[in-house]
Amino acid sequence: MKFLPFVLKHLRRNWIRTLSTVLAMAVCIFLFCTLQTILASINGMLESSSATRLISRNAVSLVFNLPLSYGARIAAVPGVKRVATTSWFGGSLPAKKEGKAEEGSETTTDWSQFFPNMAVDADPYFAMYPEFEIPPDQYKAFKEDLQGAVIGRKLANKFNWKVGDHFFLESFIPPYRKKSGPFEFTVRAIFDTDAVKHPNTDTGLMLFHYKYLYEGTGQHISAGTYNIEIDDPSQAGAVSKAIDAQFENSDAQTHTETEQAFAASFIAMAGNLAFLLNSIGLAVSFTILLVTANTMSMAVRERRTEIAVLKTLGFSSMHVMGLIVAEAIALGAIGGGLGLSGSQGLMYVLTHAPGIKDMLAGIGLSELHLKPAIAALGFSVALGLGFAAGFVPAMNAYRARITDMLRTV
Amino acid sequence: MSSAQANAVRATAAPETAEPMVDVREVRKVYRRDAEELTVLDGIDLQVPAGEFVALMGPSGSGKTTLLNLIAGIDRPTSGQVIVAGTDVARLSESELAKWRSRSVGFIFQFYNLIPVLRAVENVELPLLLTRLSKKERRERALTALKVVGLADRSGHYPRQLSGGQEQRVAIARAIVGDPSVLVADEPTGDLDAKSAEDILALMETLNREFKKTIVMVTHDPRAASRAHVQHHLEKGVLKGD
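Heads up: the sequence lines are chains A and B, in that order.
Its first residue numbered 0, the first sequence is counted upward by one per residue in numbering that gives the first Met the number 0.
Its first residue numbered 0, the second sequence is counted upward by one per residue in numbering that gives the first Met the number 0.
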């Protein structure tokens, strides 16, 4: 520790160079932690998927629906336990709080309050999602009310909604809109989840009767997807194949996959996100390694005489090497600390800024925060980069002979 | 200083019978560059008694600095022995040699070579970082060393805030702070004006006279050399005597 002030004083030798290197390191760690946090959130979303659940969608694209007649045919496939029609409603709270817009008038949508909401076949759906824990009396009340809605605890807390409260939602998907205005809902049940058993289950969503949507839109809609529960997870591939084979020669061919694969492909609509994010992280880290290594090489080169003096005074080669490596690691630590703070700050802004937080919640990224493991990894990367950048110049200083260095002016 | 005076000082500083503080025996130093061999020191024998102030003179390339570096333990002879304060320097490993330097030798450079980001007192304290002394003890010793060289009032100054002469005084304080047996100085007045050079030489004389430091100084300057008790001349790697 007695050498620390000596190391830190050297960092102050060239303020601009030190500052630019620290900032470069900070940007690197900021990007690394931010990208890893996003990836971790996405992975968390994927991990919450069950191996016994399949999702069947239109083979062309998720944008196209499937005929309602498919439900019964899928249920008849051997190995299928139950089937639930599901449609992603895409509803948001109208800015006009009273709800129903006047006939023919445009209702303004309040995107800042967006949250995921889906129309489902209640019985089979909730049967295949045991992680949604609903009090039986509330579930009964929900079933008896066509306008009833089941909301997660997080959503209830967010809007301070209680059982019996009313609200309105208007979809941005044209077939799911009605001329008479937004859909009206009544909170009939609030579900919780066991955070230990199902840590990645999102309680920020809302579910309602598919029948309500179907009838509200004049019975013109079809099914967005079919959620399927199977008897044996090991048969997921075979069952998926059997389902898709049923509709091979139809106008609307199906593509059936596990819930996890479905979620992954949903996210992959934006490209191979994980690959992209990791590639960016790697490229930035490598660049910063070069920048820091260059800085350290220059710093050591211009201090050759001082290194010779230190050795002359009795500092061993290991001492000198340690001081240089410590200096590089200090650069990494300061930059890493700044980067972590920046990443933490961004996460805070994203999860607290009106509009942005709801948009993220809408795509299932409501739990966006810098996890300690990622922060530790990011900081380790910073220290590692510092060490790697300082090692070669330090080795050169270790090997250099005093008389040679004293001769260099 | 005349030869008679020098002999008198030598007699009082260290009896002839005592083991020399610096004992260089049959030392050769050969540099190899590719296939070419360059003999810089050729069979040097030099004994410096404890408490002696010796000047090494000679033209550029004569091997003065190389000999000084061997005595200071920052270089190794190709053959022969360099025994300083009872230790055969050439036999020590790199890490042992570093430890030995920190204990036994104080080095004064021509260009002071202070660390620019450290204050005067921190520069002086630097060698003490290798000891087990507490922070307080280190600081006290550094301030004492600065007092000896007459710069106690400049302890908080950075090297850039000091004159050349003051920088060299700080460098001398750094050299003596560990209380080494031998001080080696490589043209300590070479970068100074006449007045500052005079002050530095007077200080070195004081260190030799009052603190009984054995000093080996390389210089081009006959006036500086005259302050030493003994002068040795090197030519083409061979010692020519007083």
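Keep in mind that the hints were calculated from the coordinates and are not lab data.
The model shown is predicted, which means the values in this text are computed figures rather than measured ones.
Using N, Cα and C, we set each Cβ at its ideal position, and we do this for glycine too.
It is possible that some hints are incorrect.
To be clear about the criterion: a stretch of chain A counts as covered by chain B if any three or more of its residues have a C-beta under 8 Å from a C-beta of chain B, and this derived list gives those stretches [stated by the list, open to error]:
#1 309–316
#2 369–377
Far from chain A by the CB rule (all over 10 Å, computed), these chain B residues [said to hold, decoys possible]:
#3 P19
#4 A34
#5 I73
#6 D74
#7 E93
#8 A97
#9 R100
#10 L129
#11 E204
#12 S225
Each hint, compared with the structure:
1. Remark: the region 309–316 of chain A is confirmed as covered by chain B, as 8 of its residues place a Cβ nearer than 8 Å to a Cβ of that chain, reaching the required three.
2. Using a Cβ-Cβ cut-off of 8 Å, 0 residues of the region 369–377 of chain A lie near chain B, which falls short of the minimum of three, so the contact claim is violated.
3. For P19(B), the non-interface assignment is confirmed: its Cβ lies about 23 Å from the closest Cβ of chain A, beyond the 10 Å cut-off.
4. The non-interface label for A34(B) is consistent with chain A: the shortest C-beta to C-beta separation is roughly 20 Å, beyond 10 Å.
5. The beta carbon of I73(B) sits about 4 Å from the closest Cβ of chain A, which is not more than 10 Å, so the claim that it is off the interface is violated.
6. For D74(B), the non-interface assignment is contradicted: its Cβ lies about 5 Å from the closest Cβ of chain A, within the 10 Å cut-off.
7. A beta-carbon of chain A comes within 10 Å of the beta-carbon of E93(B); the shortest separation is about 6 Å.
8. For A97(B), the condition that its CB be more than 10 Å from all CB atoms of chain A is violated, with the nearest at approximately 4 Å.
9. Consistency note on R100(B): stated as away from chain A, yet its beta-carbon is not over 10 Å from all of that chain's, at 5 Å minimum.
10. The Cβ of L129(B) sits about 5 Å from the closest Cβ of chain A, inside the 10 Å cut-off, so the non-interface label is violated.
11. Listed as a non-interface residue, E204(B) keeps its Cβ farther than 10 Å from every Cβ of chain A; the least gap is roughly 23 Å.
12. Interface exclusion of S225(B) from chain A stands, the closest Cβ pair being 27 Å apart, more than 10 Å.
Checked against the numbered hints given earlier, this structure breaks hints 2, 5, 6, 7, 8, 9, 10; the rest are met.
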